[in-house]
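Enquirer: Those protein sequence lines, which keep their order, are chains A and B.
Take 440 as the starting number for the first sequence in the numbering used here and just add one per residue.
Take 4 as the starting number for the second sequence in the numbering used here and just add one per residue.
If you're looking for bench data, these hints aren't it; they were derived computationally from the structure.
Hints are not guaranteed to be accurate.
[To be verified] Label-pair restraints from in silico Cβ distances: (1) B:Met-107 / A:Leu-645: 57 to 65 angstroms; (2) A:Leu-645 / B:Gly-108: 53 to 61 angstroms; (3) A:Thr-583 / B:Gln-110: 53 to 61 angstroms; (4) A:Trp-792 / B:Glu-390: 56 to 64 angstroms; (5) A:Ser-811 / B:Pro-58: 19 to 27 angstroms; (6) B:Asp-237 / A:Val-809: 50 to 58 angstroms; (7) B:Asn-267 / A:Glu-742: 26 to 34 angstroms; (8) A:Leu-746 / B:Gly-108: 33 to 41 angstroms; (9) A:Leu-474 / B:Ser-14: 22 to 30 angstroms; (10) B:Gly-108 / A:Val-809: 52 to 60 angstroms.
[To be verified] Partial list, computed: chain A residues near chain B (C-beta under 7 angstroms): (11) Gly-528; (12) Asn-530; (13) Pro-531; (14) Val-685; (15) Gly-695; (16) Lys-698; (17) Ile-701; (18) Leu-702; (19) Ile-763; (20) Asn-781; (21) Ser-784; (22) Ser-794; (23) Lys-797.
[Claimed, not checked] Calculated Cβ distances over 10 angstroms to all of chain A for the following chain B residues: (24) Asn-33; (25) Pro-78; (26) Ile-239; (27) Glu-340; (28) Ala-353; (29) Ser-357; (30) Phe-377.
Here the structure is a predicted model, which is why all the values come from computation and not from measurement.
Even for Gly, the Cβ is constructed at its ideal location relative to N, Cα and C.
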Amino acid sequence: MKTNKKKVDLRSYMMIIALLVIWLIFTIMTKGSFLSARNISNLFRQSVFISLLAIGMVMVIILGEIDLSVGSIVGLSGGILAILDVWKGINPVLSMIITLGIGLLLGLWNGYWIAYKGVPSFIVTLGGMLIFRGILMGITKGITIGPMSHFFTFLGKGYLSNSFGILLGIIASIMIIISEFRSWKKKKSYNIDSSSTRFEFVKVALYIILINLFVIIFNSYNGLPFPLLIMIIILLLFAYITQNTVFGRYIYAIGGNSKAAILSGINIKKITLIVFMINGLLASLGGVFLTSRLNAAAVSAGEGAELDTIAACVIGGASLMGGIGTTFGAVVGAIVMTSLDNGMSLLNVEVFWQSIIKGLVLLFAVWFDVISKKREA
Amino acid sequence: MPTLLRIKNVSKYFPGVKALDNITMDIEKNEIHAICGENGAGKSTLISILGGIYPYGSYEGDIYLKDKKIEFKNPKDAEEAGIAVIHQELTLFEELSIIENIYMGSQKVKGLVIDWNSMYEESQILLKKLKLDDLNIFTKIKHLGVGKQQLIEIAKALVKKANILILDEPTASLTESETNNLLALLKELKKEGVTCIYISHKLDEIFEVADRVSILRDGKLIGTKLINEVTKNDLIKMMVGREISQMFPKRKISPEKIIFEVKNFTVFEEYNPTKKVVDNVSFNLRYGEILGFSGLVGAGRTELMSSIIGFYQGKKEGEVFLNSEKVNINSPQEALELGIAYLSEDRKGAGIISNLTVRENITIAFIKKFATFFHINKESETLKALEIIKELNIKTQSPEVKISTLSGGNQQKTLIGRNLVSIPKILIMDEPTRGIDVGAKQEIYSLMNKLTKQGISIIMISSELPEIIGMADRIIVLHEGKFMGEIENYNHDTNQEDIMYLATGIRGGKGE
């Protein structure tokens with residue numbers, strides 16, 4: 440049993456190791472410019488979009504469902520935001536709130552058909568993908584709308600001042616130490632697994648070094664990208680929700696065995712509905728950030744994003760059979776996907792090769808997962 | 004007669020269970036060889052080895068066919084060697100026709116196309132032999148009854164030129180005339196040189212059809228006898244072996260007040276709302292009592308219970324009273340809130356949540372108890388899980404391992420523990436000891452007795468007669484959804500045959 444547990448741990452670190460390997464390869468091939476402060480900053484800013492979608496999608500996948508409509512929700516949200524902001528001149532914050540509300544409603548639409556009408560999520564969201572994109576084309580009349588007001592420019596491209604970055608780094612370090620200390624104390628009081636304290640210490644030290652290293656890197660360029668901060672906050676929020684709340688536990692239980700979940704008194708319809716609503720909300724937030732970064736909303740915005748997002752979740756260890764996956768893994772997967780895009784663009788790799796390589800990475804990631812699971816069994 | 008199939012020192016292990024323990028057995032050419040034993044005796048494991056489902060190398064020992072060692076890698080190898088297994092769960096394609104099913108995997112071809120004409124002619128002869136010649140061979144399988152489907156399975160085996168036919172509980176869901184029909188056919192086939200291994204625990208059938216009989220118990224071969232050398236009583240003794248009183252701890256109960264009452268309950272099939280799966284059943288449950296539900300496959304016991312707690316989705320009629328108060332239960336959630344817990348017979352499909360740990364599996368049904376607002380207090384959750392693990396003697400490395408790493412018996416104990424996190428008023432246990440080893444069974448029996456002492460009332464569905472007689476205070480028998488009778492069993496000495504008569508619908512009915 441003990442060796443078993445170690446293997447599982449190893450697998451969750453494998454993603455990070457794989458990411459570092461990808462970075463190393465790109466660094467060597469670009470003669471170092473991949474790891475330049477400017478590029479790292481860009482890379483993380485770009486990754487915010489898929490990361491936000493992946494945080495929502497991974498919960499859908501853990502539930503054992505799929506959402507193919509997120510790309511269209513991104514597009515439609517961006518379109519609505521741009522219409523409110525550019526055409527109607529409504530207050531930016533209000534525009535954003537309305538847009539997010541609509542994202543929530545689109546998720547509600549998906550969730551209602553899936554949970555209460557029993558239509559498979561693949562079909563409902565495939566329909567959603569067409570419907571939402573169609574609405575976008577209708578309301579924007581196919582025109583690209585921009586430029587956005589300054590508020591959104593900051594949202595998409597803003598940086599935080601260096602001192603703020605340092606402050607965040609310090610706060611994060613302290614929080615890690617406190618939480619590690621707490622769980623160490625808890626483990627000690629239960630006598631569970633106290634043998635690996637040295638390993639834990641190394642882990643904490645590594646986290647703190649890594650965080651502060653990133654702060655230094657970001658500060659040596661323009662500072663911590665504002666969208667990245669938002670993404671990190673959302674990641675922490677949903678990592679907490681999935682790991683430490685009743686709602687999160689229910690998601691894993693339903694994905695693992697929906698019949699057993701029903702017999703355990705879980706209202707799986709309600710949970711399914713809420714998960715799809717959250718996914719709609721996060722997709723719409725992704726749309727807000729994408730539109731802000733591009734400074735305009737186009738009819739094609741977010742096309743194909745659902746597939747990149749699903750790939751990110753799967754690379755991050757989620758199983759499409761349901762029950763398995765983490766928000767943290769999904770974000771690592773999103774960073775892997777973005778790193779591939781970013782690195783290959785730096786290398787001027789032709790677009791068709793980019794697509795082929797991303798496809799192969801997805802395939803090998805899952806294949807690796809399949810064989811490592813077999814070996815475990 | 005020469006030996007056709009020789010099983011030599013075969014053992015097979017599953018995690019935590021020795022399913023077969025050094026079995027040595029000869030099957031002679033042209034005999035009907037019955038294998039009998041209780042549930043979990045190892046019958047199905049043995050035929051799964053013979054049929055190539057458990058491949059060579061996954062078991063110990065050797066098997067010889069006509070003195071040649073066989074090493075099946077898959078069911079197809081067994082088929083090619085002339086061994087056909089007809090499983091309890093039929094493997095027909097419901098949406099395909101009779102003829103397509105009979106020739107599945109052995110279609111006659113002319114070049115690249117299917118030779119329908121010769122298949123048609125041959126199958127006509129075959130169906131005549133099976134006395135099915137009144138059927139249109141282009142009828143879809145789903146329009147046939149289970150008995151006819153069973154015969155189609157045999158036809159399928161005959162087309163493949165099987166000379167060893169293995170039937171696993173073939174009559175479990177057949178009517179009496181269908182059973183007689185099948186037994187007559189087996190005798191007919193024997194004349195034509197087919198050897199048959201007949202798995203059953205229905206003794207009448209064994210005496211009717213078999214030449215020899217082997218008895219398995221707890222994975223061991225107890226003996227092989229010529230059928231005319233033994234009596235029914237001998238067989239039962241060999242099958243049961245242990246004294247029932249040893250297996251089932253004694254307990255005394257005095258009839259108490261009624262806690263739960265179900266009146267005129269009718270359940271309709273989920274996808275066929277005109278068909279009743281439970282037909283006007285009424286019963287009551289007393290404080291601290293174990294009420295047994297017996298019956299054969301298709302008796303409607305599971306549908307009745309899972310419908311009462313709002314899990315089964317078919318339409319239902321009737322009234323349910325808890326402490327004399329009428330209750331309306333629309334979902335398992337509402338049932339749990341009322342203190343009615345249900346342990347499913349389908350441990351894998353509706354029990355364990357395999358991606359979760361033992362701790363999470365224990366606490367899932369009452370996780371809100373450990374949460375303030377939404378936040379789960381993992382400390383108190385872990386403490387409760389440890390308490391349940393200790394109380395139920397669940398053998399696990401730690402509460403933090405995945406439940407899938409546990410043996411079947413310990414998984415089952417974990418699932419019972421899930422329902423004890425908040426003490427229920429009524430615990431409905433559907434086949435609580437199915438597929439687990441004897442030791443764990445005994446632990447579950449003692450646990451059930453302990454729970455009744457705490458005032459929990461238990462409804463136990465069980466297909467194992469010794470178990471239901473050993474545990475239940477009263478036994479209700481259903482047959483095809485209908486109430487057949489209620490037997491007082493306070494002394495745990497009811498005759499198995501009395502239950503069987505009711506369960507097969509030969510005797511009994513409402514008003515008796």
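Enquirer: If you take the shortest Cβ to Cβ gap from Val-685 (chain A) to chain B, is it below 7 angstroms?
Expert: holds, 5 angstroms
Enquirer: Does Ser-784 (chain A) pass the interface hint, meaning its C-beta sits closer than 7 angstroms to a C-beta of chain B?
Expert: violated, 37 angstroms
Enquirer: Does Asn-781 (chain A) pass the interface check with chain B, least Cβ-Cβ distance below 7 angstroms?
Expert: Status violated, d = 33 angstroms.
Enquirer: Using the nearest Cβ pair, does Leu-702 (chain A) come within less than 7 angstroms of chain B?
Expert: At about 5 angstroms, which falls below the 7 angstroms cut-off, the nearest Cβ of chain B leaves the hint on Leu-702 (chain A) intact, so it holds.
Enquirer: Would the hint on Ile-701 (chain A) be counted as holding, given a Cβ-Cβ threshold of 7 angstroms to chain B?
Expert: holds, 6 angstroms
Enquirer: Checking the smallest CB distance to chain A, is Phe-377 (chain B) really beyond 10 angstroms?
Expert: Violated: least Cβ distance 4 angstroms, not greater than 10 angstroms.
Enquirer: Say whether it holds or is violated: Asn-33 (chain B) keeps its Cβ farther than 10 angstroms from all Cβ of chain A.
Expert: holds, 43 angstroms
Enquirer: Beyond 10 angstroms from every Cβ of chain A: is that where the Cβ of Glu-340 (chain B) lies?
Expert: Non-interface label fails for Glu-340 (chain B): nearest chain A Cβ at 7 angstroms, not farther than 10 angstroms.
Enquirer: Just double-check Ile-239 (chain B) for me: nearest Cβ-Cβ distance to chain A has to come out over 10 angstroms.
Expert: Answer for Ile-239 (chain B): holds, closest chain A Cβ roughly 36 angstroms.
Enquirer: Test the statement that Pro-78 (chain B) is away from the interface with chain A: the closest C-beta pair must be farther apart than 10 angstroms.
Expert: Correct as stated: the minimum Cβ-Cβ distance to chain A is 22 angstroms, above 10 angstroms.
Enquirer: Take the shortest C-beta to C-beta distance between Lys-797 (chain A) and chain B; is it under 7 angstroms?
Expert: violated, 28 angstroms
Enquirer: Hint Gly-528 (chain A) vs chain B: min CB-CB distance below 7 angstroms?
Expert: violated, 40 angstroms
Violated hints, in rising order: 7, 9, 10, 11, 12, 13, 20, 21, 22, 23, 27, 28, 29, 30; the structure is consistent with all others.
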